[in-house]
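Given the structure of chain C, go ahead and fit chain Y onto it with the hints provided.
Here are the chains, one letter per residue:
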Amino acid sequence: MAVTTAQASAPETATREIFMSEALREAIDEEMTRDPTVFVVGEEVGVWGGAYAVTQGLLEKWGPDRIVDTPIAEAAIAGLGIGAALTGSRPIAEFMYSDFMGIAMDQIVNQAAKNRYMFGGKAKLPLTYRAPFGAGTGNAAQHTQSLEAWFAHVPGLKVITASTPYDAKGLLKSAIREDNVVIMFEHKAIYAMRGHVPEGEYLVPIGVADVKREGDDVSVITYARQTHHALEAAEQLAAEGISVEVVDIRSLYPLDTDTILRSVRKTHRAVVLYEAVRFGGFGAEIASQIQELAFDDLDAPVLRVGAAHAPVPFSEPLEQASFPGTAQVVESIRQSLKGVY
Amino acid sequence: MAEQSPVSTNGRAGGDDASNGVLEQLSDDQLRWIYLIMRRIRRFEETAEEAFRAAKMRGALHFYIGEEATATGVCAALDDGDFITSTHRGHGHCIAKGARMDKMMAELFGRTTGYCGGKGGSMHIADIELGNLGANGIVGAGIPIATGAALGSKLRKDGKVTIAFFGDGAGPTGAFHEGVNVAATMNLPAVFVCENNQYGMATHADFANAAAIHNRGPAYGIPSASIDGNDLFEVYATAKKAIDRARRGEGPTLIESRTYRHKGHTVLDQKNYRTKEEIAEWVARDPIERFVRAVNESERLDEDDFQAIDGQIEREIEHAVAFAEASPWPTVDVIERDVYVE
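Going line by line, the protein sequences match chains C and Y. Residue numbers for the first sequence, in the numbering used here: 8 to 348. Residue numbers for the second sequence, in the numbering used here: 19 to 360.
Just chain C, with the same shape it has in the complex (with noise of 0.2 Å):
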């Protein structure tokens, strides 16, 4: 896929900063400018404007048949995706939170990830979920999960995640003008994060890895909000003298085990951190892979930084502790320094 750079388009808008909720709508408005056939779909996307603001002000702009609103029903709104799809439309559907992505599970993963396979390759999807994850919201155990790996697990899906605003507004694009089914899991905690997002075109293109940060003695492969933690934990220990590589994967499926493999390759440490329930989580496909192709890179075992095995609690101090916050990320690349857990 080709990438227009940012610097190539408009360097004279360097200095632009608008939230990641911004820069997404800006994505799906660009997109419906360019192609006729896309369009969005899924509960309060319209009038209300979505429940995290992404898609205020489109109704306005494009109408109710462009911008559609639906019951409360995400097996619908999964399989209006698909039917779309199938029939010569792009869609976006959008799931008001992931965890009620259970109810659309079959549709899911049953029908949208598996037609093409099932019908011999002669079936194109070219359809769009976006689904808001992930804790630090009070919004308690059913609307604050960290599914992604549910979704990677299963052939036939691409899943991906940003960590900026530019991030976002790039892979967004980029998922909308696929021929297949990409998952978006946008971490609501940064809706309202601020970054740089220049005014022209361009795309991040999917399965490509970021280093955010580069760095010597050890590397934490991240993704989402979790790579600001990792950021601020790199900052804090730059003082010590100790240098962090943050590794942010972007994609989950398709991976660039090549970028990580190059990071670790290089700090010989690596802390695999992410928000997801520690246990069965994504983080542990990549300390796998990591163990796979550079064992003997090694220094130390590599560390798996994820949530506690629980349902997200509501009570604030119970559920900023059971997710991996900035001085557990400190705590842990300590460890894998030493290389003692």
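No wet-lab data here; the hints were simulated from the structure. No experiment lies behind these values; they were computed from the predicted model shown. Just to be clear, a hint being listed does not mean it is correct.
Claimed, not checked - Straight-line distance between alpha carbons at most 20 Å, and here's what the computed EDC-like set of lysine to aspartate or glutamate pairs gives:
#1 C:129 x Y:360
#2 C:131 x Y:354
#3 Y:175 x C:72
#4 C:131 x Y:360
#5 C:131 x Y:176
#6 C:219 x C:263
#7 Y:175 x C:263
#8 C:129 x Y:120
#9 Y:175 x C:221
#10 C:129 x Y:336
#11 C:131 x Y:356
#12 C:129 x Y:98
#13 C:129 x Y:68
#14 C:68 x C:106
#15 C:273 x C:306
#16 C:129 x Y:351
#17 C:129 x Y:147
#18 C:131 x Y:120
As the list claims (entries may be wrong) - Listed below are several chain Y residues computed to face chain C (Cβ distance under 10 Å; list not exhaustive):
#19 137
#20 169
#21 172
#22 340
Unchecked claim - Covered, in the sense of this in silico footprint (three residues per stretch, anywhere, with C-beta under 8 Å from a C-beta of chain Y), are these stretches of chain C:
#23 161-170
#24 314-321
Virtual Cβ for every residue (Gly too), placed ideally from N, Cα, C.
Frame of chain C; chain Y shown alone:
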């Protein structure tokens, strides 16, 4: 037997071979096509069963024999570009939507020349170009997809109608409710055709569904009809009305087509949940025989017409089996191919 409803063709008695004027609306070519399709479905499955019992194929075969009038009558009322979603019992829908029997048979044999290159099998035959959005191994799952296809048509203003075929076994699923409710709220060009063949495996439709499925039409604010699914003419007339209505932008319809599978759930069947008498009673209402009797009485087609079609089908079947048997097995290098568009 048909109950009062906006689209029902009222006043037709079950087992009645007269067409109540519907036959007269069909051209001789349409009558020939209908006979061709119903006989193709039956001969395809009879042949597939022989091949299965001879261990030439594996997996599961869900037979549509006895239900031919529903797929055929509905598809006879469709335009070529219209869409359908199908079920695990989907051979009939595929053939009625125009699928080739050689490519279907090759798929059942697991060969590269099959519709899915051997990756789908009996339960996953699709032909997107023909508007067949796929058979489905998950009961009820085609319904939300059909709703999505209908939404796509509404948004693209392509004038197409989508049929969701499903069985009485899908009546209790959440997918039914979500799919039909959303189609009704959005006034989509969809027709939901429930083939009530009485049993989901051994579980009777009346046990599985708290009330008759067609009764749900008013609950969703859409027209519904309960029809004799073994009466080709009643199926055609009811489907035509519902399809025309959908195409005019007036929204979806729910049709419950009462029919019966002559065969077991699959090749393997417990045979302990229905009586020989019950089966015999339904075999006596065979939809193909009833159609032929009605056409004979009308003197629209003669014996030569039927024989010519039968002869054509036998040649097609012979070719389909030979084609399937002679076709190569897939090579293992394709296992991970076509998971994604590259």
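Each hint tested on the structure:
no.	hint	result
1	C:129 x Y:360	13 Å, holds
2	C:131 x Y:354	16 Å, holds
3	Y:175 x C:72	10 Å, holds
4	C:131 x Y:360	11 Å, holds
5	C:131 x Y:176	19 Å, holds
6	C:219 x C:263	14 Å, holds
7	Y:175 x C:263	41 Å, violated
8	C:129 x Y:120	17 Å, holds
9	Y:175 x C:221	52 Å, violated
10	C:129 x Y:336	27 Å, violated
11	C:131 x Y:356	10 Å, holds
12	C:129 x Y:98	19 Å, holds
13	C:129 x Y:68	29 Å, violated
14	C:68 x C:106	29 Å, violated
15	C:273 x C:306	11 Å, holds
16	C:129 x Y:351	18 Å, holds
17	C:129 x Y:147	9 Å, holds
18	C:131 x Y:120	24 Å, violated
19	137	5 Å, holds
20	169	5 Å, holds
21	172	8 Å, holds
22	340	21 Å, violated
23	161-170	holds (count 3)
24	314-321	violated (count 0)
Of the numbered hints listed earlier, those contradicted by the structure are 7, 9, 10, 13, 14, 18, 22 and 24.
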